[in-house]
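Please arrange chains S and C on chain Y, whose structure you already have, making use of the hints.
Take a look at the letters that make up each chain.
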Amino acid sequence: MEFTAELIADFLNGEVIGDKSAKVSTMCKIEQGEPGALAFLSNAKYEHYIYQTKATIVIVNKDFEPDKEIPATLIKVENAYSSFAKILELYQSMKPQKSGVSALASIAESCELGEGAYVGEFAVIGGNVRIGKNAKIYPQVYIGNHVVIGDNAVLYPGVKIYEECVLGDHVTLHAGVVIGADGFGFAPQPDGSYHKIPQIGNVVIEDWVEIGANTCVDRATMGSTIIKKGAKIDDLVMIAHNVQIGEHSVFSAQVGIAGSTKIGRNCMFGGQVGIAGHISIADGTQIASQSGVANSIKADNQTLMGAPAYDARSYQRAAIAFKSLPDVLKKISSLEKELARLKEEMNR
Amino acid sequence: MEFTAELIADFLNGEVIGDKSAKVSTMCKIEQGEPGALAFLSNAKYEHYIYQTKATIVIVNKDFEPDKEIPATLIKVENAYSSFAKILELYQSMKPQKSGVSALASIAESCELGEGAYVGEFAVIGGNVRIGKNAKIYPQVYIGNHVVIGDNAVLYPGVKIYEECVLGDHVTLHAGVVIGADGFGFAPQPDGSYHKIPQIGNVVIEDWVEIGANTCVDRATMGSTIIKKGAKIDDLVMIAHNVQIGEHSVFSAQVGIAGSTKIGRNCMFGGQVGIAGHISIADGTQIASQSGVANSIKADNQTLMGAPAYDARSYQRAAIAFKSLPDVLKKISSLEKELARLKEEMNR
Amino acid sequence: MEFTAELIADFLNGEVIGDKSAKVSTMCKIEQGEPGALAFLSNAKYEHYIYQTKATIVIVNKDFEPDKEIPATLIKVENAYSSFAKILELYQSMKPQKSGVSALASIAESCELGEGAYVGEFAVIGGNVRIGKNAKIYPQVYIGNHVVIGDNAVLYPGVKIYEECVLGDHVTLHAGVVIGADGFGFAPQPDGSYHKIPQIGNVVIEDWVEIGANTCVDRATMGSTIIKKGAKIDDLVMIAHNVQIGEHSVFSAQVGIAGSTKIGRNCMFGGQVGIAGHISIADGTQIASQSGVANSIKADNQTLMGAPAYDARSYQRAAIAFKSLPDVLKKISSLEKELARLKEEMNR
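Just so you know, the protein sequences line up as chains Y, S and C, in that order. Counting from 35, one number per residue, gives the positions in the first sequence under our numbering. Counting from 35, one number per residue, gives the positions in the second sequence under our numbering. Counting from 35, one number per residue, gives the positions in the third sequence under our numbering.
Nothing false has been slipped in among the hints.
Here are the simulated lysine-lysine pairs, DSS-like style, with alpha carbons at most 25 angstroms apart:
{"hint": "1", "chain 1": "Y", "residue 1": "371", "chain 2": "C", "residue 2": "377"}
{"hint": "2", "chain 1": "S", "residue 1": "230", "chain 2": "C", "residue 2": "263"}
{"hint": "3", "chain 1": "C", "residue 1": "110", "chain 2": "C", "residue 2": "57"}
{"hint": "4", "chain 1": "C", "residue 1": "129", "chain 2": "S", "residue 2": "230"}
{"hint": "5", "chain 1": "S", "residue 1": "365", "chain 2": "Y", "residue 2": "371"}
{"hint": "6", "chain 1": "Y", "residue 1": "371", "chain 2": "C", "residue 2": "364"}
{"hint": "7", "chain 1": "S", "residue 1": "357", "chain 2": "S", "residue 2": "371"}
{"hint": "8", "chain 1": "Y", "residue 1": "79", "chain 2": "C", "residue 2": "332"}
{"hint": "9", "chain 1": "C", "residue 1": "377", "chain 2": "C", "residue 2": "365"}
{"hint": "10", "chain 1": "Y", "residue 1": "357", "chain 2": "C", "residue 2": "332"}
{"hint": "11", "chain 1": "Y", "residue 1": "332", "chain 2": "S", "residue 2": "357"}
{"hint": "12", "chain 1": "S", "residue 1": "357", "chain 2": "C", "residue 2": "371"}
{"hint": "13", "chain 1": "S", "residue 1": "365", "chain 2": "S", "residue 2": "377"}
{"hint": "14", "chain 1": "Y", "residue 1": "364", "chain 2": "S", "residue 2": "371"}
{"hint": "15", "chain 1": "S", "residue 1": "102", "chain 2": "S", "residue 2": "57"}
{"hint": "16", "chain 1": "Y", "residue 1": "365", "chain 2": "C", "residue 2": "365"}
{"hint": "17", "chain 1": "S", "residue 1": "263", "chain 2": "Y", "residue 2": "230"}
{"hint": "18", "chain 1": "S", "residue 1": "365", "chain 2": "C", "residue 2": "365"}
{"hint": "19", "chain 1": "S", "residue 1": "110", "chain 2": "S", "residue 2": "79"}
{"hint": "20", "chain 1": "Y", "residue 1": "296", "chain 2": "Y", "residue 2": "332"}
{"hint": "21", "chain 1": "Y", "residue 1": "377", "chain 2": "S", "residue 2": "371"}
{"hint": "22", "chain 1": "Y", "residue 1": "57", "chain 2": "Y", "residue 2": "110"}
{"hint": "23", "chain 1": "C", "residue 1": "371", "chain 2": "S", "residue 2": "377"}
{"hint": "24", "chain 1": "Y", "residue 1": "377", "chain 2": "C", "residue 2": "377"}
{"hint": "25", "chain 1": "Y", "residue 1": "371", "chain 2": "S", "residue 2": "371"}
{"hint": "26", "chain 1": "Y", "residue 1": "364", "chain 2": "S", "residue 2": "377"}
{"hint": "27", "chain 1": "S", "residue 1": "364", "chain 2": "Y", "residue 2": "365"}
{"hint": "28", "chain 1": "S", "residue 1": "79", "chain 2": "S", "residue 2": "120"}
{"hint": "29", "chain 1": "Y", "residue 1": "88", "chain 2": "Y", "residue 2": "54"}
{"hint": "30", "chain 1": "Y", "residue 1": "364", "chain 2": "C", "residue 2": "365"}
{"hint": "31", "chain 1": "S", "residue 1": "371", "chain 2": "C", "residue 2": "371"}
{"hint": "32", "chain 1": "C", "residue 1": "230", "chain 2": "Y", "residue 2": "167"}
{"hint": "33", "chain 1": "S", "residue 1": "88", "chain 2": "Y", "residue 2": "296"}
{"hint": "34", "chain 1": "Y", "residue 1": "110", "chain 2": "Y", "residue 2": "88"}
{"hint": "35", "chain 1": "S", "residue 1": "364", "chain 2": "C", "residue 2": "364"}
{"hint": "36", "chain 1": "S", "residue 1": "365", "chain 2": "Y", "residue 2": "365"}
These aren't lab readings, by the way, just hints derived from the structure by calculation. A quick note: this is a predicted structure, and the numbers were derived from the prediction, not measured.
Bound conformation, chain Y alone (with noise of 0.2 angstroms):
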C-alpha cells in the first residue's frame, strides 16, 4: 500500500508544502526517520529532528513554521497528533483481516457462531459456546464449554478460557493469555497437607478490556472475578480470585492483586505492584511501580509509593534519607559523644 502526501492530505483535510506526488507506505517516528514514511511532529522538543528526518512526509500542525529548509514533503495540519493517530487507525484497518472458520478446528456442534467470526487451526470450542458477530478466534485456542465471548472480540493464539466465563464485546485477549483457571484456595489440614477447596464460580470480563500476553485471571471460589468495562491490563499480570477491577483501571506489566481484592474505577498501577487479599482500592489511586498495598486505601485520586505503599512525595522524601543512613547513625553517636563530655565538663 502506497500513498502520496495529495491523498493524505485530502483525508486529513490539510495542505500539501512541497512535492505533492511523494510517496510513502509506513510510518514511523520522526527521531528514527525512514525513506518511504510517513512521521508527525507535535512537540516543539523534537523540532530539530524535523531538519534531518530521512521521513518522506511529515504531518505538522498549521501553525509551523519552519527555522531552515526541510527536505521532507510537510501536510499541515489542524492537530498534527491526531491526525497522526487517524492515519495509524487507517493503516492498521487496511491490514488483511483474518476471516472464516478453519476446518481444521474442533468446534462443538453446539457451540453458536456469531456471523463474520473467524476460527483459527487447532482452535478448540466446547459445547454451549456462544461466540459473537467478527469475533477472532486465532489458532490453538481453547475455549471451554459454556463460555460466551462478545462480539468483536479478539482472541489471539493460544489463549485458554475455562468453562462458563464470559467475556464481553470488544475485548482483546493477547497470546497465552489463561481466564479462569482455578482460584488459589487450599484448607489447612491438621498433619501440615492441603484440602483444595473446589473452585466453582466464574470469570466476567466486560466490553473493551484488552489484556497482555501471557496474563492470569483466575475463577472465583464463588461468584465471579470481575474485570469491569474498559479496563487495560498488561502482560503477565495476576489477578486472583474474586477480584473486581473497575472501569478503565490500567495496570502495567507483572501487577499482582490477591484474592478478593476490590480495585476501584480509573486506578493506574504501575509495573510489578502488588496488592494484598480483602482490600479495597479507593477509585483514581494511582501506584508507582513495584510498590506494595497490605491495606485499604479509602481516599480517591492519591498517588502512592513504596512497601508499604504510601503518598508518594512523602515517601521519596524518606527515600532520599534513607540513602544518608550510614551518615545520620554516625551523626548520632557523635552527638552522643559530644554531649556525655559536655555533661562530664559541666560536673566538673
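Leaving out everything else, chains S and C in the frame of chain Y:
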C-alpha cells in the same frame, strides 16, 4: 441440577428449619446471596447477612438461634463450614467429566495410556510416555518423549512438558504451565559472550502437587528439579533449575526461586517473593509478600519480611520508623545546632 | 548409550586411573554421585566428595593427587571442568534430533521452509513466512504472516510469534514465549476511558539470543523492539514495546523493562528487577535482584541495588542501618531529653 432442602439435609445429616421443598441449583457466599443458591453461616461476624440474604437455603451451625425472622430456609448441622465444603465438593464432582481419547490428538505408538485416561484435541504425546489411570490431558497439551504422568493427574489446556520429566499421582497443572524448559545456565566467555551449558537433568513433581497457570519449572542442569508431595504453587511462579521444594510448601503468585536453592517443608511465601540461588530455607518459614531472601534461613518456623528479609516484627517497626526519616534528619540537624550553641555558651 | 572410561579418556586425551572398562550412561554432580554416572572434580572445595562419591567415573585435573583410596575410576585431564563440559555437549548432541515436517501442521503455501527444518504437529505457519535451515519448530507453535526465522533457530512447543517479527540464526525460544504482542499503548480520553494506539511495529531478535519459558517481548508502536546478538533472557520476563537490549546482556527471571528503554551491552540483571520506561542503562551495568531503576544510568560498569537503585555497597550499608531505625528514634529522643536537661541545668 436442582436439590431440595430435604435432600441436602439428609445428605448432611442435618435438620431443615422452614420449607423442605425449597430448591437450589448453585452455591454462593452469604453476603452475595442470590435466589436458587445455597449459602452457609459459620463465622458470627457475618450473622447480620443472614437476615437479608437472598440465598434460598442457608446451612448453619446446630446452636445458631436467629434474633429475628429469616427469609431463607435453614439447615442446621454439626459444623456449617465443613458441611458446606462437602456440598461444594459434591457439586464439583457432579460436573460432567472429560473422557475418551480424541481422534484429533497425536499420540506416539509407544505411549502407554492408563485406563480411563482422557486425551483432548490437538494434544501431542511423545514416544515412550507413560500416562496413569484416569489422567486428564486437555486439548493442546504437549508431552515430550519419556515423560511419566501419574494416575488422576490433570493437565489443563496448553500445558507443556519437556522430555523425561516425571509427574506423580493427583498432580494438577493449570493452563500454560511449562515443566522442564532448560535451566538458565551460560558460561561467560573471554569476549563477553555466553556459551550455553546443556541442561540434561529433568523435573520431578511428586503426588498431590498443584501448579497455577503459566508457572514455569525449569529442568536441572544434571539431576532433578524437585517439587515434593503436596506443595501448592500459584500462577506465574518461577522455579529455576535444581531447586528443591519441600512437602506441603505453598507459594503465592509471581514468586521466584533462583537456581539450586532448597526450600523446606510447610513453608508459606506471599506473592512476588524472591529467593536467591544456592541457599536453603528452613522448614515452616513464612515470608511476607514482595520480600527478598539473599542468605540461608537456618532456624525453623520464622516469619520474615523485607528485602533483605528478616524478623517480620522488627522489620515492621523499622518500616514505620522509615516514614519519619525526613523528620529524623531535621531533628539531628537541630540537635547539632543546639549542642554547638551550648558549647559556645559554656566556653564564654 | 554406554561409554567406557577408556573411550572417554581417548576422546578427552586423558589418562585412566583404575578400571578402564568401567561404564557410564549418564552424568551427575560429584556431590550427588550415582552408579553408572560420570562426574568431575575441579574446585578443591569439593574434594572431600570424591572419597565417597557413588559416581562410577570422575574426571579430575592432571595434578590431582588423592589423599586416600577412591572407589571411582578417575580420568586425568588438562582441565577437568572444560573436559566435562565437552562431554556434556557431546551427550546432548547425541540425543535423537527432531526432524521432518508433520502432516498435522498447517503451513501456508507461500511459506519458504529451509532445508532440514523440522515442523511439529499442530504448528501453524502463516503466509510469506521464511524459515531457516535446520530450524526446529516444535508442535503447537504459531508463526504469523511475514515472519522470518533464522537458520538453526529452535522454537519450543507453544511459542507464539505475531506477524512481521524477525528472528536471527541460532535463536532459541522456550515453551510459551510470546513475541510481538501489541505494546501497551492507550491514549487517555476526556471521559476517563482509553483509546487504543495501533501498534504497527515489530520485534527483531538477533542471532544467538535465548529466551526462557513464558517470557513476553511486545512489538513496537512503530519501528522495532530489538534484542541484540547473544542476549540471554530467563523465564517470565517482560520486554515492553520499543525497548532495545544490548549484545550479550543477561536478565534473570521475572525482570520487567518498560517501554522505549535502551539497555546497554553486557549488562546483568538479577531476578524481578524493574526498569522504568524511556531511560537508558549504560553498558556493563549490574543490577541486584528486585531492584528498581527509575532514571538513566550513564556511567558504565556500575553495580546497583535498591529501589530506587544506586551504588550497591552504599545501599547495603544503608540497608543494614535501616534495621537499627527503631533504635535510632529512641536515641534521638533520649538525646533531645538530655540536651533539654543540660540546658535547664545551665540556665539555673
